[in-house]
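All chains, full assembly: derive it from the sequences and hints.
Each protein sequence line maps, in turn, to chains A and B.
Taken in order, the first sequence gives residues 2 to 400; the numbers are from the numbering used here.
Taken in order, the second sequence gives residues 44 to 352; the numbers are from the numbering used here.
Any given hint could be a false lead.
[Said to hold, decoys possible] Heads up, incomplete: computed chain B residues facing chain A, CB under 10 Å, no partners named: (1) Gly54; (2) His267; (3) Gly309; (4) Lys324.
No wet-lab data here; the hints were simulated from the structure.
All C-beta atoms, glycine included, are put in the ideal place defined by N, C-alpha and C.
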Amino acid sequence: MTIARYSLIAAAILAITACGKQEQPAPAASAPAAPPAAAAPDTIKIGHAAPLTGNIAHLGKDNENGVRMAVDEINAAGGAEIGGKKIKIEMVSEDDQADPKTATTVAQRFVDQKVAGVIGHLNSGTTIPASKIYSDAGIPQISPSATAVAYTAQGFKTTYRVMANDAQQGKALGEYAVSKLKLKKVAIVDDRTAYGQGLADEFEKAAKAAGAEIVKREFTTNQETDFNAILTSIKGAKPELIFYGGMDAQAAPLTKQAKKLGIKAKIMSADGAQTPEYIKLAGNDAEGTIASIPGLPKEQLPGGKEFLAKFKEKFNGEVQLYAPNCYDAVMVMVAAMKKAGSTEPAKYLPELAKIEYSGVTGNISFDDKGDIKNGAITLYQVKKGKWETLEVVGGAAAK
Amino acid sequence: MDIFLQQIINGLVVGGIYALIALGYTMVYGILQLINFAHGEIVMIGAMVTISCINFLVGHNVNLSGPVLLTVSIAMAIPVTMLLGYLIERVAYRPLRKAPRMAPLITAIGLSIVLQQAATMIWGKNYVPFPAILPTDVLEIGGASITTLQVAIIILTAVILTGLFLLIERTKLGRAMRATAQSPDVARLMGVNVNTIISMTFMIGSALGAIAGVLVAANYDQAHAYMGFMVGLKAFTAAVLGGIGNLGGAVLGGILLGIIESIGSGYLGDLTGGFLGSQYKDIFAFLVLILVLIFRPSGLMGERVAERA
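This is the structure:
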């Protein structure tokens, strides 16, 4: 029989459907059913993009909720007063599937819909390719969670982020591991995304500078659940610390499998893994893991307690990661519009560059690249099934 | 050496799971010459239902030891996937049995997407952690670590495979399945109810899929609505590697593929001097698929038995 031909056809069909899947409209996209009157000048659209399907959909949903909370609050007050007119905001939320290709499609869709600004994307790997499209269209983009250094280093005028980047994060973690914990033999794993790779590189630089030896560097992908092979070769190198650059969906099984293989090394990661989801998935094995987040501890945030309470009430769940930053990103954008008295990107962009805003995550102002000034990094450790604050590096708390 | 041994053990565990799933593909192919691409989703649903059952039982303070709890829950999940397998065949494949080959292939892929989306509606988009009910003791064998769960996976796989072979070779149902695989029309003339046999094949394959799904979830401590896609593709590759339609081939293919993947991703970085890292693990499965299709399309276990169930 022509099994060969048959199987090749099957593979071809799979490839086709795989492409098809990327283009299916995200369920969330159609959710905020836009009234036909949306074109009226007293409503503007703000785009939000994050993975709403796939293995980090929980983080995408978290971001979306943060944006939704800000938008709902503004609309409940009758809209934001911009240029002497009450203007309502409509959130257009799209699913970029954490996939760089899909992210550019989503970005193009936002541009075609003439959104006034974009909050997103979630991953650095999607934010960077999308930022070129926003920059070409002159649409301001505030990422609430893309920490890769490269994002704002491209020389675009439209790229902003509301938290510290991975250069600061990698440095804080690397120095803490080597200087405070005295762990000198380090193995590094990353997921080869712009975020994971960039972060791991920054960590490696900092750890080496502090005197650590990198005994193994391994790689995985952001879809993987089986780490036995790489952990086995790591085990052979006998590290005292394993650093993982990537998201919680991989960090958790990696932690569990390391324990199963009898690896005693401490696990360290960064913001992608500092989530309640990580503890839920890794269970008891999460105990002792250290991870950082750009920003002050959530409870120490100026408006943190209130925000967390409101969030819980509205969405009946805990903040995973960057919802407060998403909330602030919307508020900062609107604040710039208010100052400029216009929702036109070209008019409010200069105001965004010199904004001084005090949000729930702290004071927000940008340097000439669009990075936040004075961003803090907080280190956490899992103790008794909870992320407990270890130390705050930089930012306002350093004073 | 202990690292090498560890990689072999890792490979055996994964390979056993691939083998169980590959059987589901290969049995259906043996009888219908159809690739049931929705099989990966059955695996996923088997895992999800089992986890829900365990959580339900634990939530209602049913005091059973971990392995018993797991067995009870799998016993509840198996009928669900068997019913699902039956329905899939009845609704999506039987009406198309006389249609060109491409048609059922496309419905298979469509079904797989429908099932994935249905699962996200029921169980959400988050990872579902596998309840920590099983002992996590680690055994040391010559410097390599293996958990009791992994030992159980290997033994369970072997037992199930033996049972399946006995079923196919020694029972009346098995004989009817083999007859249907050789020629449905002649089997019908001999008094075999071909439709029933086909339904049975789907149901047996789905039951194996459910068990495999639970093993995947237990081994990696989590399940996810999209978990069936990749594991299904790998198992399909294993089935092709062994010779699709051939039961022994599916097992051989599964175990070989597990070991190739494990060793490959363990040593790839060292062998290529860091040029290709272990993130390219998945290329091994598909490299194998391509090589087999080019050089030995009938698979390792050859043409002679390729048409048997």
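Hint check results:
1. Satisfaction of the interface hint for Gly54(B) is found here, the shortest Cβ-Cβ separation to chain A being roughly 8 Å, below the 10 Å cut-off.
2. For His267(B), the suggested interface contact is upheld, since its CB lies about 6 Å from the closest CB of chain A, less than 10 Å.
3. At about 4 Å, the closest approach between the beta carbon of Gly309(B) and any beta carbon in chain A falls short of 10 Å, and the interface hint on this residue holds.
4. A least Cβ separation of about 7 Å between Lys324(B) and chain A falls short of the 10 Å threshold, and the interface hint therefore holds.
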